[in-house]
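J.: So you can see what is in the structure, the chains are spelled out below.
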Amino acid sequence: MKRRLRDALARRTMFLLSAVPGALVALIFLGLAGKSRAVLALNSFAGVLFGTTWQPLRGSFGLFPFLAGTLWVTLAAMVLAVPVSLLTAVYLSEYASPKVRGVARPVIDLLAGIPSVVFGVWGTLMIVPFVRAVASFFGATSSGYSVLAGAIVLAIMVFPTIIHVALEVFASVPQSLRDASLALGATKWETTRHVVLRKGLGGINAAVVLGLSRAFGETMAVLMVVGNVARIPRSLFDSAYPLPALIANNYGEMMSIPLYDSALMLAALVLLAVVFVFNIGARLVLVRAERKAE
Amino acid sequence: MGLRRRRVEEAVFKLLMGVSTAVVAGSLLFILGTVVVKGLPALDLTMITQTPKGGYYLGKEGGILNAIVGSLLLAAGATFLAFVFSLPVVLYLNVYRRRGSRFAVLTRFALDVLWGVPSIVYGAFAFLLMVYLGLRASLLAGMIAVALLEFPIMARAMDEVVRLVPPALRDASFSLGATKLETALRIIVRQTLPGIVTAVLIAFGRGIGDAASVIFTAGFTDRVPTSLLQPAATLPLAIFYQLGTPVAEVQQRAYASAAVLTLLILAISLAARTIGRRFKRHTIK
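Those protein sequence lines, which keep their order, are chains A and B.
Heads up: the first sequence is residues 25 to 318, going by the working numbering.
Heads up: the second sequence is residues 2 to 286, going by the working numbering.
In isolation and in its complexed conformation, chain A is listed as follows:
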């Protein structure tokens, strides 16, 4: 009897705790939205999102330069990261010997575990001077603290995310399909391209989108190498000021200037909303692919 009671009690408690993840998602949205209302009462949402002047003291909170900064850095990072990650994933999944695969797993996990501030330190030491040199080679002047520096650091940070998801996708392609293709005389590469990659196309897109959303919200490492100048960048060698960096850099002042905190919470809400949509889309694709595979 006592055991039954304990079980019933545990069931209730665990059920309540299991409602936490869902509730937390809602709570974060509501909390940030509630706090952003103040700034939205005086400005239209589009006005804040596409406004180009950021002068908190005068009450103008245009997020567009920061949004543009985030987009530049994120997209440039994806251009670098996607081909490298996908080729690596294909290699590890289709070509590598079990031995190489055994080594690659921990390497990718380690890369995923390196703190972003360490990426930032490495970026300022190695990538920023490198970009400065590249810029002067092309006849441009750049401090090195630039979109390109942020993109390079960010690309390396999203390798593990994309590779990890892509490997899962490739693993879910049935071996029999590969065998059938090989039996018809296709080469290994043709099999990979026409069978594995085609079959996994949805999942590959999902992997890329998950990497993109990881890059979108990354803060410290990017903040340390992009220069943080609140202007819309015109080239890869220009400085940028991404949205997450804006939030992280200004928490000190935000309580002393009216509406500042509200504007920053709105910035956080925008980040959350974008990442939320990306994640939901990618997960839906993955869940559907998984179901099909089963």
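What the hints contain is simulated information worked out from the structure, not anything from laboratory work.
No experiment lies behind these values; they were computed from the predicted model shown.
Just so it is clear, CB atoms sit at the ideal spot from N, CA and C, and this is done for glycine as well.
A few of these clues could be false.
Cross-link-like lysine-lysine pairs, in silico, DSBU-like; alpha carbons within 35 Å at most [stated by the list, open to error]:
id, chain 1, residue 1, chain 2, residue 2
1, A, K123, B, K15
2, A, K212, B, K15
3, A, K316, A, K212
4, A, K316, A, K223
Which stretches of chain A does chain B cover? Using the computed rule of at least three CB atoms under 8 Å from a CB of chain B, they are [as the list claims (entries may be wrong)]:
id, stretch
5, 179–191
6, 302–308
Once you've looked at the hints, dock chain B against the given chain A.
T.: Same frame as chain A, but now just chain B:
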């Protein structure tokens, strides 16, 4: 297409794949190498055994003990909090609910979404929570922020191993008359202990390394915190602030601190692997 051309195409792509894999592995080595080469020469015993003395950030004496202890305490508290929530959720989803049940699917989905939430957003949300609760920037507020960040990481990692427990094992336990709770705690937890320990350590490592979530919430101080309500320094922020000074010596210390943080993370992930393996003797194959 002739066979020759097909072979050439294959060779080209194989080369590209090899280069890509080398880039991925190489960047890890490059980063670790840079941190070690730049950091170790600047590292000495006082760095890790003393707190900053007056004028530390101008190049005077002291160390980063405040940040090391702060980070360890903060991550330990956060990991504990995250564990208290993660384990029951994972057990509930796997023992009390059927795999395809709508509740289980939605909860896993919510965990996936939380996993993707950037740490700066957790920092901002925890800041709101902190103001709402009337807390100041403190060890406790930082723990809450980092616990939010760790929760989905830990829960998902646990779920991945608990899901793999063969249903037969569960059914055998039920058939012997065990309740679901008893099955969960004595069979499932024991069977998946290596995976659970690994999940906890992975989350702990993430917690130690994250800066964006604590920047609003934990504060920063030169002293070692003695209560949950005092502000606490953290290693990532210590690195960030030291690197931001114009003094070359202090920047050297930032490199040394980065080496300390990296070694700590490496040790944790090594522990996650070996401890995980050691606990395996309790599991039934």
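J.: Would you mind marking each hint as holding or not holding in the structure?
T.: For each hint, the structure was consulted:
1. A/K123 x B/K15: With a Cα-Cα distance of about 18 Å, the restraint between A/K123 and B/K15 holds, given a limit of 35 Å.
2. A/K212 x B/K15: holds, 10 Å
3. A/K316 x A/K212: Roughly 24 Å between the alpha carbons, so the hint for A/K316 and A/K212 holds.
4. A/K316 x A/K223: holds, 11 Å
5. 179–191: Holds, because 3 residues of the stretch 179–191 of chain A bring their Cβ atoms closer than 8 Å to Cβ atoms of chain B.
6. 302–308: holds (count 4)
Checked against the numbered hints given earlier, the structure satisfies every one of them.
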